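Q: Take a look at the letters that make up each chain.
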Amino acid sequence: MKRRTWLLAGAGAAGALIVGWGLLPPRSRLGQAGTLPVVAGEVGLNGWIKIAADGQVVLAMNRSEMGQGVHTGLAQLVAEELDVPLRTVRLTAAGHDSLYGNVAAMLGNMPFGPRDEGRLPERIAHWATVRVARELGINLTGGSSSMADAWEPLRLAAATARAQLLGAMALKHKLPLAELSVKDGIVHHASGALGHYGEVAAQAALTPPGEVTLKPAAQWRQIGQALPRIDLAGKVDGRARFGLDVREPGQLFAAVRHCPMLGGGLGPVRNLAQVMAMPGVLRLVTLGAMAGSTPAYAVVARTTWHAQQAARALEVDWQPPPKGRVDSAAVERQLASTAQAAHRAGEGFAFRSEGDVVVGLKGAARQLTAVYSAPYLAHVTMEPMNCTVQLGDGAATVWAPTQVPGAAREAAARVLGLPEAAVTVHVTYLGGGFGRRLEVDFIAQAARVALECGGAPVQLVWSREEDMTHDFYRPAGAAVLQAGLDAAGKPVALSITNAGDALVPRWLARIVPKVSGLIEVLTRNGYPDSRAPAALTAAGDAPDKTAAEGLFDLPYAVPALRVAHVATHSGIPVGSWRAVGHSHHAFFIESFIDELAHAAGADPVAYRLALLDGLPRHAAVLKRAAEAAGWAQPLPAGVARGVALHESFGSIVAQVVEVTKLGGQPRVRRVVCALDCGTVVNPGVVARQMESGIVFGLSAALHGRIDVVGSEVQQKNFPDQPLLTLAQCPAIETYFVPSDGPPTGVGEPGTPPLAPALANAWFALTGERRRRLPLLG
Amino acid sequence: MDLKVNGQVVALPEIASDPAMPLLWALRDGLNLTGTKFGCGVAACGACTVHLDGQPARACVTPLGACAGKAVTTIEGLAAPGAPHALQLAWLAEQVPQCGYCQSGMLMAAAALLAKNRQPTDADIDAAMSNLCRCGTYPRVRAAIKLAAKGIKA
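From first to last, the protein sequence lines are chains A and B. When you read off a place in the first sequence, starting at 1, and then add 53, the result is the number in the working numbering. When you read off a place in the second sequence, starting at 1, and then add 35, the result is the number in the working numbering.
Hints listed in this document are in silico derivations from the structure and should not be mistaken for laboratory results. Please read all numbers here as calculations on a predicted model, not as lab measurements. Note that CB positions come from ideal geometry on N, CA and C, so glycine has one too. Mixed in with the good hints, there may be bad ones.
[Claimed, not checked] Only part of the chain B face toward chain A is listed, based on derived beta-carbon distances under 7 Å:
#: 1; residue: Ile50
#: 2; residue: Asp64
#: 3; residue: Gly74
#: 4; residue: Cys75
#: 5; residue: Val77
#: 6; residue: Pro132
#: 7; residue: Cys134
#: 8; residue: Gly135
#: 9; residue: Tyr136
#: 10; residue: Asp161
#: 11; residue: Tyr173
Based on the provided sequences and hints, a complete structural model is requested.
A: So this is what it looks like as C-alpha cells:
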C-alpha cells in the first residue's frame with residue numbers, strides 16, 4: 054500500500070468514526086464568549102479574549118510553559134493585534150473546550166512530506182485531519198506546534214475583539230470608526246484620548262466586528278521583537294510555582310517505588326510492619342499499571358523525605374514481566390538485523406518511493422552501504438514527575454505539570470470515578486517537558502493515592518531514580534542506508550530501511566482511551582499489505598510518522614529513492630522526546646550524506662547544495678551557516694568542522710560544529726546555527742530555543758544512553774547519565790534567514806542537526822566515522 | 036528545632052525537626068520555602084543550592100543537624116524585597132531562565148561565587164557553576180554572571 058492511499062484510508066476511517074462527514078459543522082476557532090468564564094467586571098468577547106474593567110486584556114492560555122517561552126509568544130500575538138503592551142496581557146487558564154485543542158500538532162503527526170502541499174491526495178487528507186483534530190480537540194503542548202497552531206486563530210481572535218471594541222467606542226463617541234486609533238491600550242481620536250478598552254467592553258460584546266483584517270507585517274510593532282519573557286520575574290526569585298511547589302493546607306506527600314523491572318509486577322512487602330512504623334509514615338498504597346506505568350507501591354507520609362525514606366526501605370519480592378525480561382543490547386542487535394533483513398528483501402512500509410531503487414543501484418558507478426544506530430534515551434526533566442490531587446465531595450482538584458491537561462483530567466476522573474466535569478486541573482509551570490509530560494501515568498497514580506487520603510491533598514513525587522528508570526524512552530533505532538553514485542559522485546539511487554518502535558499509536562491509547570478504537574481501525578485498515586514483515590504484523594502497529602520522520606522527508610534530490618520503515622515492538626516503553634524520530638534519523642541521514650560527499654571527494658557543503666534542487670530556503674540556510682562559521686577559512690591545527698542540515702517541524706536548521714580532541718575524546722568548542730522558521734515572532738526566544746536544542750542534542754550525542762538489563766534500567770541518577778555541564782558548553786551563535794511564511798516550530802528543530810554535525814566534524818578531525826551514538830562510552 | 040533562615044530565626048514544625056532530615060525538605064515541606072528545588076537527592080545537580088554562612092551548600096545532602104547555629108540563605112532571601120540582587124537583574128537582562136527549575140540553584144551558586152570573587156574569569160565560572168540545566172541556559176548563565184560582575188565593579 055502506498056503512503057498516500059494509506060493516508061486517505063486512515064483519514065476517511067477516522068472521519069467516519071467520529072461523525073459522518075456531511076454532518077460536521079463548520080467550526081471556526083474564534084469560539085464563543087461563553088466558552089471563557091468571566092468574573093465580575095470582566096467581559097468575554099470570544100473564546101480567547103476577555104477585557105477586565107480596567108481595560109486589561111486577558112488571554113485564555115491553552116499551552117503549557119515548560120521553558121520554550123510559549124506564554125510570551127502567544128501573548129505577543131494578541132498584544133500586537135490589540136495594540137497593548139505585552140507586559141499588560143494577563144493570562145488565564147483555558148478550559149477543556151475542544152476550541153483549545155491543537156490542530157497543528159495533529160497535522161504534524163500525519164506523514165505528510167514537507168513538499169506534499171498542493172498534491173490532491175495530501176490536500177484531502179490534510180483537510181480531513183484538520184476537521185478530525187478540531188472535533189477531537191486534544192489539547193497538547195508538543196510537536197513544536199504551539200505557534201503554528203495559534204498564529205491564525207489568536208491573531209484573528211484579538212483582531213476581532215479590537216474591531217468590536219473600536220466599533221463600540223466609535224458608537225459611544227459618535228465618531229467615524231476610521232478616525233480612531235489605539236496606542237498602548239488607549240483609544241485615540243484627533244480630538245484626544247477617548248479611553249481604554251474596559252470602558253466599552255460591555256457594548257463591544259454586542260457590537261458586530263464587521264470585516265476583520267489582520268495587521269500587515271509592515272505595521273507590526275511587537276511581532277518580530279525580542280520582547281522580554283513575561284514569566285521570568287518569578288523564575289529568578291523563587292516565586293514561580295512548579296508542580297512540586299504546590300502547597301495546600303494539610304498536604305501529605307507520597308513517594309513511589311516501582312517494580313524495578315519495566316512492565317514487571319508487585320509481590321508482597323516483606324517488611325511492611327517495619328516500614329509502617331517509620332516516623333511520619335501514614336499508609337501504603339498499591340498502584341497497578343496505570344496509563345502505561347509499571348506497577349508500584351506508594352508510601353504516604355507527612356513530608357517528602359519521610360515518604361522517600363520509607364519507599365526506599367520497602368523490601369519487595371518484585372515479579373518479572375509476564376512476557377519475560379528484556380535486554381536493550383539484544384533489542385538493538387535485533388533492530389539492526391531486522392533493518393538489514395527488510396532492506397535485502399525490499400520489505401517495510403514505504404513512506405516514500407520514487408523511481409526504481411533496485412535498477413538505480415544496479416546501474417550506479419559505485420555503491421555505499423552503512424548501518425547506523427542509536428540507543429534508548431531518557432528525558433531527565435530537572436523537575437521529577439509529580440502531581441498533587443485533592444479529593445473533595447464529588448469533585449477533585451489536580452495540580453499538575455502536564456503537557457496534556459485534558460488527558461490529565463480524563464485520567465484523574467477515570468481513576469477517581471468522577472465525571473470529567475467534576476475534576477479541575479491546574480497546570481503549573483513545568484520544570485522541563487521534552488515529551489515526558491505528554492504522559493499521564495504519574496497523574497493517574499496521584500489520583501489513586503488521593504483516594505486513600507480521606508480528602509487531604511497529596512503530592513505524589515518520584516525520586517530521580519524512579520524518574521530515570523521508569524520513563525517512556527526515546528526509541529532506539531537502526532537503519533541501513535544504501536546509495537548508488539554516478540561517475541561524478543552524485544547519488545542516483547538511495548534506499549533506506551529503518552527499524553524501530555512506532556510510538557504514537559500506543560501513546561494515544563495511553564492518554565486518550567476514547568480514540569483507541571480509532572487506532573484499531575487505522576492499524577487494521579492501514580495494514581492489509583501482505584508484504585508487511587512478520588515483526589510488523591505481530592506488533593500490529595500503524596506506521597506512525599515518528600518512525601520515519603527525518604528520513605522519508607529528506608530534502609535531497611535523488612532520482613530513485615525508497616525510504617521504508619519496519620515497526621517493531623521491543624517491550625521497552627517508548628514515548629515522545631525532543632524531536633523524537635528526527636533526533637536519531639538526522640544523525641543517520643546527515644552522517645551518510647557526509648560519507649557520500651567524502652566518497653565523491655566533494656566539499657560537504659558544496660555537495661549538499663548541489664542536491665538541493667529547487668529548495669532555495671534550504672540552500673539559503675546552509676549557506677548562511679557555512680558563511681557565519683567561516684567554512685571556507687582554515688582552522689588551527691587540531692580543530693575541525695562538520696556540518697549538518699535538517700528540516701523538522703516545518704523549520705530548516707543548519708549547524709556547523711567545531712571540534713577538538715581532548716583526552717582522545719571529542720570536545721565541541723563552537724556551534725554555529727542558522728535557521729528558517731518562517732516569521733520569527735520573538736527572536737530572543739527563538740535564539741534561546743536553538744541554544745537549548747543544541748545543548749540537549751550535544752548531551753545526547755556525547756553521553757545519552759539508557760541500557761536495560763533484565764528489564765532493569767541501569768542508569769539511575771546523574772552520575773550514571775551525565776548531562777553536559779556549563780564548563781563543557783560550547784559557544785553558540787544563531788543566525789536567522791529571513792522569511793515571511795507563517796511561523797514554524799522552534800522547540801525541537803535545534804536538536805537533530807547537532808549529532809551529525811558533530812560526528813562529521815569528528816570524521817574530519819580523525820578520519821574515524823562514528824555510526825553509533827553516543828560518541829562517548 | 037530553631038533554624039536561622041533568611042535572617043530570621045524560625046521554629047521548624049516537629050515533623051521537620053529530625054537532625055538527619057536534609058535541609059532541603061525542612062525548607063520545602065516544613066517551612067513551605069519552595070524556591071529551593073529537588074532535582075536528584077545526591078548533590079549532583081545543584082537545584083537545591085543554598086548558602087550556609089555564605090558558603091554554597093547542596094541542601095539535599097545537608098542534614099539539619101549540620102545547620103545548627105548557621106545562617107541559611109535561600110533564593111527567597113537572596114535579596115531584600117524591592118532591591119533585587121545584581122545577579123537577578125543580570126539574569127533578567129540576559130533572559131537566562133527557560134523552564135526555570137534549576138535557576139534558584141544557579142543563582143545561589145553564582146551569588147556565592149561573586150561574593151568571594153568579584154571578577155571571576157571563565158575558568159572561575161566553570162569551576163564554580165557545576166549546577167546542571169536541562170534547558171541549556173549555560174551560555175546565558177555565563178553571560179549574566181559577567182554582566183553582574185561588571186555592575187558590582189561599577
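Q: Please go over all the hints and tell whether each is borne out by the structure.
A: Outcome of the hint check:
Interface hint status for B/Ile50: upheld, as the beta-carbon distance to the closest one in chain A is roughly 5 Å, under 7 Å. At a threshold of 7 Å, the smallest CB-CB gap from B/Asp64 to chain A is about 4 Å, leaving the interface hint in force. A cut of 7 Å between beta carbons decides the hint on B/Gly74: the least distance to chain A is about 5 Å, and the hint holds. Residue-level restraint check for B/Cys75 holds (minimum Cβ-Cβ distance to chain A is 4 Å; threshold 7 Å).
At a threshold of 7 Å, the smallest CB-CB gap from B/Val77 to chain A is about 6 Å, leaving the interface hint in force. With 7 Å as the threshold, the beta carbon of B/Pro132 comes within range of chain A, its nearest partner Cβ sitting at about 4 Å, so the hint holds. For B/Cys134, the interface hint holds, the least distance from its beta-carbon to any beta-carbon of chain A being 3 Å, beneath 7 Å. Look at B/Gly135: its Cβ gets to within about 3 Å of chain A, closer than 7 Å, so that hint holds up.
With 7 Å as the threshold, the beta carbon of B/Tyr136 comes within range of chain A, its nearest partner Cβ sitting at about 3 Å, so the hint holds. For B/Asp161, the interface hint holds, since its Cβ comes within 7 Å of a Cβ in chain A; the closest pair sits about 4 Å apart. A least Cβ separation of about 4 Å between B/Tyr173 and chain A falls short of the 7 Å threshold, and the interface hint therefore holds.
Violated hints are absent here; each numbered hint is respected by the structure.
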